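Number of protein chains: 2
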Amino acid sequence: MLPIRLDLSLPDWVARHVAAWPEHADDRARMHLVLGLAREHVERDGGGPFAAAVFAEGRVVAVGVNRVLPEQNSLLHAEVLAIMLAEKHFASHNLGAADLPRLELVSSCEPCAMCLGAILWSGLKRVVSGATRADAEQAGFDEGPVFPASHRYLEARGIELVHGVLREEAREVFDLYRARGGRLY
Amino acid sequence: MLPIRLDLSLPDWVARHVAAWPEHADDRARMHLVLGLAREHVERDGGGPFAAAVFAEGRVVAVGVNRVLPEQNSLLHAEVLAIMLAEKHFASHNLGAADLPRLELVSSCEPCAMCLGAILWSGLKRVVSGATRADAEQAGFDEGPVFPASHRYLEARGIELVHGVLREEAREVFDLYRARGGRLY
Chain A
110 MLPIRLDLSL
120 PDWVARHVAA
130 WPEHADDRAR
140 MHLVLGLARE
150 HVERDGGGPF
160 AAAVFAEGRV
170 VAVGVNRVLP
180 EQNSLLHAEV
190 LAIMLAEKHF
200 ASHNLGAADL
210 PRLELVSSCE
220 PCAMCLGAIL
230 WSGLKRVVSG
240 ATRADAEQAG
250 FDEGPVFPAS
260 HRYLEARGIE
270 LVHGVLREEA
280 REVFDLYRAR
290 GGRLY
Chain B
110 MLPIRLDLSL
120 PDWVARHVAA
130 WPEHADDRAR
140 MHLVLGLARE
150 HVERDGGGPF
160 AAAVFAEGRV
170 VAVGVNRVLP
180 EQNSLLHAEV
190 LAIMLAEKHF
200 ASHNLGAADL
210 PRLELVSSCE
220 PCAMCLGAIL
230 WSGLKRVVSG
240 ATRADAEQAG
250 FDEGPVFPAS
260 HRYLEARGIE
270 LVHGVLREEA
280 REVFDLYRAR
290 GGRLY
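So the sequence lines, in the order shown, correspond to chains A and B. So for the first sequence, our numbering puts the first residue at 110; every next one is plus one. So for the second sequence, our numbering puts the first residue at 110; every next one is plus one.
Chain A extracted, bound-state conformation:
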């Protein structure tokens, strides 16, 4: 029987987590929320130590955590889920559409090759990340074929990329994952 349906979900606790953090005035505040999500995700043994959120002028629209292991789906990076769920929220495949608020993606780690492509296709125009590629690699995670030219390609399409916001706190989430014996995959 050919599979034709996918039911994907985030755990219920993410909504409670977000509701408990009402203020996201600037990049650091938004990253603080995202790193809190990543930390709770790790503490609950929910999967890889990554989280992301799409914000509309400081309000959380959608979030994602890495669901590769629990969903047995290698594409379910935090950014992928956050973008797909934000597009569902707005009923639009274009998060850069003129009739939407200005949206941005905040990710606990620099997006990998797949997620950079996903960001480009989503129409998002601003991406803020915490841990760097080197941090991810040191923690045992691969970023794939991302080159300086990849970032320049996105920037040439009008996408602002902000790196290293709360980087030390972001690295601590990787440390926590390793300390708890989290699986590399």
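It should be emphasised that the hints constitute simulated quantities derived from the structure, not laboratory data. On a predicted model such as this, the values are computed, not experimentally measured, just so you know. A few of these clues could be false.
Because identical chains cannot be distinguished in the list, a pair is counted as satisfied if it fits within a single copy or across any two copies.
[Stated by the list, open to error] Okay, derived cross-link-like pairs now, DMTMM-like style, lysine to aspartate or glutamate, Cα gap no bigger than 20 Å in a straight line:
1) Lys234 x Asp251
2) Lys197 x Asp208
3) Lys234 x Asp135
Position chain B against the provided structure of chain A, taking the given hints into account.
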């Protein structure tokens, strides 16, 4: 209300289409099936003119067609759906696992930047494509930050990339899409 669920699906006709094509002995036969899927998808006005399938030693395990427009989800490229559904079929996030048959992805067009990353994370070790990047761009579709180094990166991880199988037939699907007034996005 924070969105936490995604229900994604392929149209029912894809299963009938696949069932009608029992033999997929070699790359050309497999590509013929995939281009047939892409063509029927375009004829049904189902979305962007792209299809893909995961094969296990010539048997179709999962397929995908581009569902960006009908699902309002910019990440639903044909390859993304085929990979996610194949992983669901095998209940594994690793399509290169030693206990699985040898799997390969056949795509009507060279994978974009996002899909190349997705292929890397899926563990697939062989990818066959039809239309080239130049063909896609001529038809009005972007491939994103894919460089010669991107392909070399995957090849260095043991992934075989075969390009241009039934390229002319693959281009004809783009022509059909344009002739029917298909939307660029």
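Now the hints, each set against the structure:
Proximity of Lys234 to Asp251 under the C-alpha cut-off of 20 Å is restricted to the inter-copy arrangement: shortest distance 17 Å between copies versus 24 Å within a copy. Taking the shortest Cα distances, Lys197 and Asp208 sit within 20 Å of each other inside one copy (15 Å), while across copies they are farther apart (36 Å). Taking the shortest alpha-carbon separations for Lys234 and Asp135, only the intra-copy value of 16 Å comes in at or below 20 Å, while the best inter-copy value is 43 Å.
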